[in-house]
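Use the sequences and the hints to build the structure in full.
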Amino acid sequence: MAGIGISIPEEVTVLRFEVKSNYRLDLIPNDVENNRVRLPIVIKDGYAYFIKECNQRSLVDLAKDKTISDEVFFELFGKVLELLSNVEKDLFKFYCLAPNSIFLDDDLEPLLYLYYPLFVEGKRAETNLDLPIFISPSNMSLESKNSRLLADLFSRLFLMRFSENEIDFRNRAEYVRNTLLMQGKFDLNHWFNKSYNNKYTFAECSEKYKEAIQLTKKRAEGFDGSNFRGYRLASYSKIGKGKLKPEDDFKETSSVNQDAYFEKKSGEMAIVAVFDGISSSAVGNGNIASRLAAEILKRKYEEFEAKYEENGKVTEKEVKKFFEEFVNEANKNIVAEALNQAEKMEIEITDTSVMMATTFTGVLMVKNEFYMCSVGDSPCYVLNEQSAKKVNIEHNLRLEKLLSGQRFDESDPMLNSLTQALGMATIQNNEIKPVKPSCEFLHSTLMPDEFIMVMSDGVIDFSLGNTENDKEKYFHSLFIDKYNKTNMLKETVEDVLDELNKQAGDNITLCVIKPEFTKIESEEEGDKNEEVS
Numbered sequence: 024m025a026g027i028g029i030s031i032p033e034e035v036t037v038l039r040f041e042v043k044s045n046y047r048l049d050l051i052p053n054d055v056e057n058n059r060v061r062l063p064i065v066i067k068d069g070y071a072y073f074i075k076e077c078n079q080r081s082l083v084d085l086a087k088d089k090t091i092s093d094e095v096f097f098e099l100f101g102k103v104l105e106l107l108s109n110v111e112k113d114l115f116k117f118y119c120l121a122p123n124s125i126f127l128d129d130d131l132e133p134l135l136y137l138y139y140p141l142f143v144e145g146k147r148a149e150t151n152l153d154l155p156i157f158i159s160p161s162n163m164s165l166e167s168k169n170s171r172l173l174a175d176l177f178s179r180l181f182l183m184r185f186s187e188n189e190i191d192f193r194n195r196a197e198y199v200r201n202t203l204l205m206q207g208k209f210d211l212n213h214w215f216n217k218s219y220n221n222k223y224t225f226a227e228c229s230e231k232y233k234e235a236i237q238l239t240k241k242r243a244e245g246f247d248g249s250n251f252r253g254y255r256l257a258s259y260s261k262i263g264k265g266k267l268k269p270e271d272d273f274k275e276t277s278s279v280n281q282d283a284y285f286e287k288k289s290g291e292m293a294i295v296a297v298f299d300g301i302s303s304s305a306v307g308n309g310n311i312a313s314r315l316a317a318e319i320l321k322r323k324y325e326e327f328e329a330k331y332e333e334n335g336k337v338t339e340k341e342v343k344k345f346f347e348e349f350v351n352e353a354n355k356n357i358v359a360e361a362l363n364q365a366e367k368m369e370i371e372i373t374d375t376s377v378m379m380a381t382t383f384t385g386v387l388m389v390k391n392e393f394y395m396c397s398v399g400d401s402p403c404y405v406l407n408e409q410s411a412k413k414v415n416i417e418h419n420l421r422l423e424k425l426l427s428g429q430r431f432d433e434s435d436p437m438l439n440s441l442t443q444a445l446g447m448a449t450i451q452n453n454e455i456k457p458v459k460p461s462c463e464f465l466h467s468t469l470m471p472d473e474f475i476m477v478m479s480d481g482v483i484d485f486s487l488g489n490t491e492n493d494k495e496k497y498f499h500s501l502f503i504d505k506y507n508k509t510n511m512l513k514e515t516v517e518d519v520l521d522e523l524n525k526q527a528g529d530n531i532t533l534c535v536i537k538p539e540f541t542k543i544e545s546e547e548e549g550d551k552n553e554e555v556s
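Following our numbering, the numbering of the sequence shown begins with 24 at its first residue and continues without gaps.
It should be emphasised that the hints constitute simulated quantities derived from the structure, not laboratory data. No incorrect hints appear here.
In silico DSS-like links for lysine-lysine, alpha-carbon gap of 27 Å or less:
no.	residue 1	residue 2
1	K413	K459
2	K330	K287
3	K413	K288
4	K233	K222
5	K217	K231
6	K321	K355
7	K494	K525
8	K505	K413
9	K102	K222
Have a look at this one:
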């Protein structure tokens, strides 16, 4: 090729990347990963030149290609992680990354055209390349965590594939988290969240990604629950010391707590639900809305339970219909009661946002399968010894603006205002009419070592920590430590809320289910062997 002094066969082309004047070739590996990493054939006039086979496709193009299934997209990213982590083995460390440097061959195996430096132990890493993904190499060593690079790469590709709107770069990670939850990929969301917070090395990040993908597939496939033997079940609610006011002494206790919950189990089926009444209601009261919704759920569930006992099986379609019918009926009844309250108080409603309402998050279990439905911002988590994984999104103005690509001011106090709740209505021709809320629905599988829990938002809000991640970590540690000491779920739930109540400025409610299974003979034999060894 003219200008760089080489001839190019017809079946190949030339890639050119700008490297600028201080490109440090000595910080690039000479021999890595079976030629899956390509190095420049020449660097000249501020550009690195590579020979590339014409049939190779860029990872960026493949991310945008909707003829490739989402499952293949996630699988390809796993291969990329594996390649990048193998480059890092022993000698090198990434501190910058460029999505346009990654290609895939005919077999969809990744290749890296490496035109930027890597950190090498004992050598100063420096570059002034304008790369899209970059972390500071200061104080870096071969043991340093640098998974933020991979999470950032994932987020860029994810947006190319799934977002129809232009997302502000500052909100990219938050968009990915919420979209993964809406896709039901809460295991992958947990991987992304940890990676984005730089908790892994490349090797750890690659391994954790594989585990998340495998677990997501395993949940979708389910497993034989024939050895099911029952549910551990516990629910508890506290008013919250910081919530109480002197005038509350003159009220009935039930009217002070805006939270309500419902739990029931029988045979192979069980349900738990939390309702967090909106305390700012001017017409009616949050505790009226939450308790009314709990009563309606109790009645609807008993009807569903009787039908299940008659038919002997439950389908996803039936459970989704059950939840949707409950949400619609509860919404209508809460609106009707708010209008009744307004009439008693002789209040004319000109703004439906002042009417009483409540959140709702419920989980229906059938052996090891769970069906989650939520309206509002009451969280649901799947938890085991290692982690607490959030399962649902929060229906608020922040999410609405985020998904539509709107920019928003982080200091805006309205961002956390709910966009969905039980008790939604609109004014049409001077008449107040109910508006059916949107609800999030998920059908998945619990693994044998997992709990599933629903809670009011105060449980995480008043856990210790400066960030939501810190608070979740504290709650997880508190719950697991107390459960491991007693192996009694009801005592654990009460102890956890009693501890959180010391600093709680809101009502706090927690409902937990853990299905238990009888061990099969091979597992029991394995346990005995472990004890002997």
